[in-house]
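**Q** Residue strings, one per chain:
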Amino acid sequence: MKNKEMCKRVMSAAVAASLALTLCACGGGAKSSSGAIKIGGSGPLTGPAAVYGNAVKNAAEIAVEEVNAKGGLQFELDFEDDAHDAEKAVSAYGVLKDWGMQVSLATVTSAPGAAVAPMYRDDHIFGITPSGSSLAIIYEDPDNATNPYGNVYQMCFTDPNQGVASADYLAEHPDLGTSIAVIYKNDDNYSSGIFTKFKSEAGVKGLNIVYEGTFDDSNASDFTVQLKKAQDAGADLVFLPIYYDPASLILTQANQMGYAPTFFGVDGMDGILTLEGFDTSLAEGVYLLTPFSADATDDLTKNFTAKYKEKFGDVPNQFAADAYDCIYAIAQACEAAGVTADMKSNEVCDAMVKQFSSMTFNGLTGQNVKWSTSGEVSKSPKAVVIKNGVYVGVEN
Amino acid sequence: MDFLSYLINGLGLGSVYAIIALGYTMVYGIAKMLNFAHGDVIMIGAYVAFFSIGDLGLPVIPSVLLSMAVCTVLGVLIERLAYKPLRAASALSVLITAIGVSYFLQNAAQLLWSSSTKVFPTIVSAGGISWNGLTVSWLTLITIGTCIVVMICLTLFINHTKTGRAMRACSEDKGASVLMGINVNKMISITFAIGSGLAAIASVLLCAAYPSVYPTLGAMPGIKAFTAAVFGGIGSIPGAFLGGLLLGVIEIFAKAYISTQLSDAIVFAVLILVLLIKPTGLLGKRIREKV
Amino acid sequence: MSDKKKLPAFLSDKKYRGRLTSFSMVLIMYIVIEILMNTGNLSSLFTSLLVPVCCYIVAAIGLNLNVGISGELNLGQACFMSVGAFSAVCVSGSLASSVPDVPRLVISMIVGAILAAVFGILIGIPVLKLEGDYLAIVTLAFGQIVKSLITNMYLGIDEAGYHFSFVDNNVELIPGGKMLLNGPMGATGTQRISTFTAGVVLVVVALIIVYNLMFSRSGRAIMAARDNRIAAESVGIEIVRIKLLAFGISSCLAGAAGALYGLNYSTLIPAKFDFNTSILLLVYVVLGGLGNMNGTMIATIILVLLPELLRSMQDYRMLIYAIVLILIMLLTNNEMVKTWIQKAYLRLSTDRKGR
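Protein chains in written order, with our numbering: chain P, 1 to 396; chain U, 1 to 291; chain D, 1 to 355.
Isolated chain P, as found in the complex (with noise of 0.2 Å):
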């Protein structure tokens, strides 16, 4: 018993010394004195979904590397672990608060980006999310897409505009398949969001959807399942609104089983080709809609493309592609609007506002991108297939 008592001291004396310890990290207006401008953002750095967070801090570290060598204009970029969790995004966001972030890259992953979009809207920061893509971060009302937040914007595609892109472009090309079967992830906000659209798009379009299967992160390795049905079902075109690794299983699981339809995926499958290890050969033929990918042979894409390998080994993926231009879509409009380092977060939240609803931007994901007031990117999806071994673009 004696012992109980003196583990509670000891412990007392640690949560004094921690308490202490976070309340230090007080006080910090949004104002940064490094002549600097300071950039925040989280994303998942560790867990499952770790791969994509630590693709757009890479990407945004190279980006703020360039901007800063070019003089001028000089940012500072702190980038947080939120473990794709909503809770933990939270928390991300005060640590950047504290520091005294005066733009965002908001968050990689949806969930926690609903979650902190609020928050931003409050304390009048301006974000802008690489590949967040639920209308859930730029609407306080997703479901009828209204009340938008006004200073979170998106780089990437909503999730509803991709599924109904993929829908349109089934529509008009009826050769690459007309019995349809949908494998997609039912507890992933992308993927199901995707679905939804494309399944009431398909409707109005009069596709015709011969199989749904789904599956969730505690059954993402066995997809033989899914793909009997569908092939029972007669599907000659597999649609996959999924990311590229559990497209990359479905791929090989289908050639053990000698199933050979077409496989039509959308921006979440690029990277499959750079996938360490990843028999390119059982991707042949496979279709998607992309605004990105790291094999394009313009400079931007090369050079690109070039320094991440060097700086970290991997291929980056859509995610790193859109971290990237979101960076020098900030520096573009801090140019343009003249933000300085000295400026308070709320003057510099309107001043992007003004910019971004306005301005065209050319990057690594698209040209001519636009922005609605409400936040929403439009740019056009392009449809590639994969032939030996890289995508060659479909409409030319």
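Hints were generated in silico from the structure; no laboratory data involved. One or more hints might be untrue.
Subject to a maximum C-alpha distance of 35 Å in a straight line, what follows is the list of computed DSBU-like cross-link-like pairs (lysine-lysine) [stated by the list, open to error]:
(1) D:Lys343 - P:Lys205
(2) P:Lys379 - D:Lys178
(3) D:Lys129 - U:Lys84
(4) U:Lys84 - D:Lys338
(5) P:Lys382 - P:Lys307
(6) U:Lys174 - D:Lys129
(7) P:Lys354 - P:Lys379
(8) U:Lys186 - U:Lys278
(9) P:Lys344 - P:Lys387
(10) P:Lys309 - P:Lys229
(11) U:Lys278 - U:Lys84
(12) P:Lys387 - P:Lys302
(13) U:Lys162 - U:Lys174
(14) P:Lys199 - P:Lys387
(15) U:Lys278 - D:Lys338
(16) U:Lys186 - U:Lys84
(17) U:Lys32 - U:Lys285
(18) U:Lys186 - D:Lys343
(19) P:Lys387 - P:Lys354
(20) D:Lys178 - P:Lys354
(21) U:Lys174 - D:Lys338
(22) U:Lys32 - D:Lys129
(23) D:Lys338 - U:Lys186
(24) D:Lys343 - U:Lys84
(25) U:Lys32 - D:Lys338
As the structure is a prediction and not an experimental result, all values here were calculated from the model.
Add chains U and D to chain P, keeping to what the hints say.
**A** Just chains U and D now, with coordinates in the frame of chain P:
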């Protein structure tokens, strides 16, 4: 035909669960602890095999052996450093430590090998035996075969060797085993070594079927295999085998005939039903309480 | 010794001392934090942690009642939080236009707590017949089932009333309607009405309930059943009934905690309350000491703060967290360390007496 093909897929998946469940059940039988870090040993095994096949260019069998060696050493090391000092502590303290070890392995793997997914090389060619329209892939056959071989070897080892008998004695009564001159600590180490070695085999089979290697790879198969071990009666080796196979088959059937969305709920509901009818699992021993 | 006799009964009696420490600890913390907050001296990070810490404390106190007092290993506490959270979010969303914030918060929390308790008792009736690790795995299984069910529920409200569908989303709302539950996306656009004060009140209520139970006739019966089931049965204690009481209260507290948690964020996904959250709550309980409510509170605060304080470690943050967790378990169970602390403590207390 559909039914048979789902059944065989289920047996393939179940075989992997069974091999992992053997590790859980053996450790539980002898050390009376739920080793939640077991799933992460699988993950390490998968990475070792990935690098050995991909980067070192070793053939499959030596790679599996290398992976087994690494996992065995790792398993024994974890036991020595983290669990052995807690032998006298409450079961819950050991459980929490195991969770700590699991976090540690996952985060260490992420730091060492980055969080991005790596694709496991194809080690079994596509295709298989076809008969009357029913195709069984080579991979499924190899997986089921390996599982049966492992099961037979393990049963022989446990029942017919001196070490095996000593291990059984320890799991029955530690105090009496010490009196009979059995080195209990050594037996526990051997159990961890065997369990972790099996985890390496499971990791290669798992990755051959589902070729994604990432730091949290072991978490889900770990929980499923743990469920399988309880299903069959935790502590029982044939129980783990049976539990694993059944779990795999139920999972595939639930997906095929009921709903892919609810397959998880169905698997766990069946588990609860079984435990309510047989509270110690299918093959678990009913221990009479002494008054 | 003589001055101890002069103390009033509630100070000298051990069972009251624990209570007094708990309540004064909560009160002092509350006052200090309120003062800091109102003078603008509390960092944003710390402010953002206040409500979740209260929620975890309450859920962990409930779990401690389960694991520490009743002796049942429960690996599914998060699922009761989930039931409480989502029902509260639905209630609050339905009442958003007609009831002001504070009563709405109270109503939602009560509904969340009651639903979670009912659910806990329904699960408990068959489950508590099992023992030990088998009970643990069944609670784990229920946790997974609840997560899976809530992931497949769709509930919308519009002028025509409620619309519900399961597995396949067939809910179609009149424009202006609101999805309360949206399957895997969970709840979005929730009004954030939870406050730190509500959290502290909940902690105090939880402590009152648990302490009163612990030192009541039923509480003694629960502990007797934990220590020796057969002996307890032989003196006429209905094991399943009293265990059910502990289980019900535990899930009720988790439900209330979940309700507060759910209304603290504008979005909530079902995957939040998974196996990992249950395990985390168990870590708080074990680290704080089985049956020790003060320990649970302190351990929860430390372990919620720890990853935040380690943010400067960047990539190594969670690795260090894991190492700290292992080391704490090894050290608190190490005989040498135990005796060392004991000696140091004795020396300190004799010094003090000498003066």
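**Q** Of all the hints numbered above, which does this structure not satisfy? Sort the numbers upward.
**A** Result: hints 1, 9, 10, 15 and 19 break, sorted rising.
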